[in-house]
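Asks: Using numbering that gives the first Met the number 0, read the sequence shown as starting at 0 and increasing by one per residue.
Because the hints were derived from the structure by calculation, they are not lab data. If a hint is listed, it holds; no wrong ones were tucked in.
Using 27 Å as the maximum straight-line C-alpha spacing, the simulated DSSO-like pairs for lysine-lysine come out as follows:
hint, residue 1, residue 2
1, 27, 173
2, 27, 12
3, 31, 15
4, 101, 166
5, 171, 27
6, 15, 27
7, 166, 31
8, 31, 12
9, 12, 166
10, 157, 171
11, 173, 154
12, 154, 31
13, 139, 101
14, 166, 27
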Amino acid sequence: MVVNAELGVSPFKEFKHIRRFWMPRHQKYGVKIVAGDYYVSDCDEMITTVLGSCVTVCIRDPAVAVGGINHFILPDSDCDILSASNRYGVFAMEQLINTIVKYGGNRNNFEIKLVGGGNMLGGTNHIGQRNIDFIRSFLKLEGFNVIAEDLGGDKPRKIMYNVVNGKLLVNKLKCQHHDKYLALELETQRKNRQLQSHDDIELFD
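Please model the entire structure based on the sequences and the hints provided.
Replies: This is the structure in structure tokens:
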């Protein structure tokens, strides 16, 4: 997929709206996603995002070098895996998994890495831990194994993931970034909570 990568356009139709940018340090194109997004690729590129209490799941099938990441936060404190809140986490996972399979990935070959779930507020607020608990429960129920993780702590993270070689780079950010990323995540959480209040929302076919 080198030709498509050089054009700066995703080869997969679901992601034509996401533009690449050149990363001179890595000599590759990069793709940035934000909370609520996901991205799947078979190109030699760096998929990037910044996490606070959100969780990102990195999945690839090394046999065919296709994979991707998501970036999600649960809208409230309900820990039941089947709850209305956790449907958003389930939807984020199903989107990612189904799209990887659509483009040739095999669930039995999945290589999975987890990042995020920081405790950004400290004290008794456990948004990050709820996200960690959710993803561990989901993956256990689905029968998936995790080969690497960098979860918890109290710092935001910037990550870069390459689906071709499976390399995951994690950079712990300085404390002054806390407020910025926490504000973004709380806004995403608020929007999810508003959506949850509407009975006509359908997340699955």
